[in-house]
Structure formats: structure tokens, C-alpha cells
Amino acid sequence: MSLPQDLATVEPVPHGQTARRLDWLLLPPMLRRLIESRLGSTVVSADSAGAGFTPGFASVLTGRDGSRQFVKAASKKAQAPFADSYREEIRKLRLLPDGLPVPRLLWSHEDDLWVVIGLEYVDAPNPARPWARAELDACLDSLEALADRLTPPPPGLDPAAFAEDFETFRTGWAYVREHSPDWPHLEEAAALADRMDEVTRGDTLVHTDGRDDNFLLPAGGPALLCDWNWPVVGAAWIDTVLLLISAYGDGLDADAVLAERRLTRDVDPDHVDVLLALVCGYMLECRDRPVPNSSPYLRVHARWYSEVSWAWLAQRRGWS
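Residue 320, in the numbering used here, is where the sequence shown stops; the numbers in between run on with no holes.
Derived from the structure by calculation, the hints contain no laboratory data. Ideal placement from N, C-alpha and C gives every residue a C-beta, glycine not left out. Accuracy of the hints is not assured; some may be wrong.
As the list claims (entries may be wrong) - Simulated restraints, written as ranges between beta carbons of each label pair: (1) Ala174 - Pro218: 38 to 46 angstroms; (2) Arg177 - Arg38: 27 to 35 angstroms; (3) Gln315 - Gly16: 49 to 57 angstroms; (4) Ala256 - Ser37: 45 to 53 angstroms; (5) Gly221 - Asp158: 24 to 32 angstroms; (6) Arg265 - Ala174: 31 to 39 angstroms; (7) Ser37 - Asp84: 20 to 28 angstroms; (8) Thr9 - Glu187: 19 to 27 angstroms; (9) Ala174 - Trp319: 14 to 22 angstroms.
Please put together the full structure from these sequences, using the hints given.
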């Protein structure tokens with residue numbers, strides 16, 4: 001493992017082009033007929049989502065009658081972890097209250113082989129990268145609205161605590177200690193990450209995956225947050241800080257944004273640093289893992305996030 005790099009030298013993620021997904025015509029004929037019955041029309045076009053890092057089917061389907069839906073599907077046999085995540089997303093979407101800035105669940109299907117989700121079609125792009133401040137603010141506005149409505153979490157959802165669900169993040173700095181013992185300020189970063197339990201406690205449903213590719217920006221409406229696979233219960237400010245890692249990497253003054261936003265302006269700065277150290281250690285470990293065939297850019301993503309979270313943490317701590 002190399003030591004920290006200048007951000008300008010880190011390979012960028014090809015935003016909007018990271019996914020390797022199933023094509024509509026590769027779905028079994030019986031599954032296509034079922035989906036068309038839910039759409040109410042024969043599918044004449046299928047536009048696959050290019051963003052994200054999972055191989056499941058995810059396409060905007062257009063019917064002969066002009067109707068549109070966003071449909072996701074995963075095979076229980078060939079894509080079992082992703083089928084499990086879609087099943088969880090269905091359960092969570094059914095329990096979320098109405099009126100949230102979230103695409104509506106229209107229908108779902110599960111049989112012995114497939115899990116399928118039908119969501120409302122939203123005619124809206126993802127935020128552009130590098131981040132523009134207006135689009136970033138729209139996404140942060142929605143995170144604040146979600147935190148207001150999802151504190152406490154909806155009845156029946158029963159999410160795990162952040163520290164419980166992110167238990168695998170704990171091994172990151174031990175991995176760095178073994179493979180890159182000269183990493184600067186290693187013990188200080190590890191000590192910060194070890195404070196995850198105390199710092200991330202809260203009573204808000206936290207999305208935890210609010211990246212740019214999971215937001216849609218409809219004209220004249222709030223930013224919509226997609227992919228509710230694995231929310232947890234934790235501190236209300238967590239999603240804001242996680243989103244701002246990418247903003248920092250794109251050259252925005254993330255600390256100024258933290259100082260302005262309602263969910264973060266009064267948060268103990270050390271608590272923000274704990275989350276940054278936790279993410280950094282985990283991503284440093286992840287980036288060295290083999291590249292999965294189903295997601296060729298996953299390690300590029302991990303490398304970029306490890307370097308950006310480290311650079312922001314080091315700047316905030318005054319580490320040279």
C-alpha cells in the first residue's frame with residue numbers, strides 16, 4: 001500500500017459509467033412478461049442505469065403506450081447478495097412515511113428465482129460532477145428534510161445501530177498498520193476511528209449511501225434520494241458528512257458547508273473527524289481487495305474515497 005497521494009494524481013471515478021448490468025433482453029422471457037404486465041404495456045425501450053457499483057438489472061422501461069417505470073431485478077442464484085439487498089429495499093420503502101423526497105415504490109415481486117422492484121419514473125438527472133454548489137445544497141436540503149421526518153425511525157423498520165451495521169469498518173486501520181506501518185499519524189487516525197460507537201449514536205434513520213448517483217434532481221422539486229437498501233439508526237448529521245467527502249474531493253470548501261448546514265454546524269468537530277477516519281481506514285482496506293468482475297470500478301471508487309477522506313481529515317487535524 002502506498003502512502004497518501006496528491007489528490008490530483010488519484011485516478012478519477014468515471015461518474016455515470018461505473019455499472020456493468022444485466023440487459024433487458026438477457027432477462028428470462030417469463031420475467032420480462034411479468035414486468036410488462038405490471039407496466040401495463042409491451043416494453044419498447046430499456047435504458048440501463050450507468051451509475052452505481054452493483055450488477056443487478058436497473059433500467060428505465062418505456063412501454064408502447066408511453067408509460068415509464070424504473071425497474072430493478074436480481075437473480076437469487078447468480079446475484080444472491082444483490083437480491084437480498086433488493087428485498088430489504090422493498091421492505092424499507094413500504095415502511096417509509098408518505099411525502100418524503102424518495103421515489104415511490106409502485107410494486108414488487110419475488111419468486112424462487114428473482115426479486116423485482118418497480119419504482120416511479122422520475123424525469124431527472126443525477127447531480128453533475130464535479131459538484132456545483134447549488135446542486136449540492138439541494139441534496140443537503142433533502143437530507144435535512146429526511147432527518148426531520150425520520151427521527152425517530154418509522155415503526156416496524158427496526159434498523160440496526162450505525163456502529164453495529166458498520167462493524168466491518170473497524171478493521172481498516174489494523175490493516176493499514178500491517179501493510180503500511182509508515183502511514184502518517186496512523187495511531188491517531190486509528191484512535192479516532194475507535195470512537196465510532198460513542199460518536200455515531202442517535203435516533204435518526206440514516207441512509208448511509210447518499211452519493212451523487214443516488215440522488216435525482218427534478219426541475220422545480222426537491223432532490224430525491226434513492227436506493228434505501230441499508231439504512232441504520234444513528235446521528236442525524238452522518239449523511240451530510242458522508243456526502244461532503246465527495247464535495248471536498250471536487251474542490252469545494254466542505255468545512256464552510258459544515259459550518260452553514262443545520263445538521264452539522266453544532267456538531268463537535270472531533271465527531272466529524274471520527275467518521276472521516278472510519279471511512280478512510282475502511283476504504284484503504286477495500287482498495288487492496290481483488291476487483292470483482294461484476295463491478296470493475298469498485299476499487300477505483302475505494303481508492304478515490306480513501307485519499308479524499310484522508311486529505312480532508314489531515315487538513316482538519318493540521319497533519320502534515
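Each hint tested on the structure:
1. Take Ala174 and Pro218: their Cβ atoms lie about 44 angstroms apart, and the range 38 to 46 angstroms holds.
2. Roughly 51 angstroms separates the CB atoms of Arg177 and Arg38, a value that falls outside the hinted 27 to 35 angstroms.
3. Between Gln315 and Gly16 the Cβ separation comes to about 28 angstroms, which falls outside the hinted range of 49 to 57 angstroms.
4. A C-beta distance of roughly 51 angstroms is found between Ala256 and Ser37, which places it inside the suggested range of 45 to 53 angstroms.
5. Checked against the hint of 24 to 32 angstroms, the C-beta distance between Gly221 and Asp158 comes to roughly 30 angstroms, which is consistent with it.
6. The hinted range of 31 to 39 angstroms is satisfied by Arg265 and Ala174, whose Cβ atoms lie roughly 33 angstroms apart.
7. With their beta carbons about 25 angstroms apart, Ser37 and Asp84 fall inside the hinted range of 20 to 28 angstroms.
8. Between Thr9 and Glu187, the C-beta spacing of about 26 angstroms keeps the proposed range 19 to 27 angstroms intact.
9. The supplied range of 14 to 22 angstroms is met by Ala174 and Trp319, whose beta-carbon atoms lie about 20 angstroms from each other.
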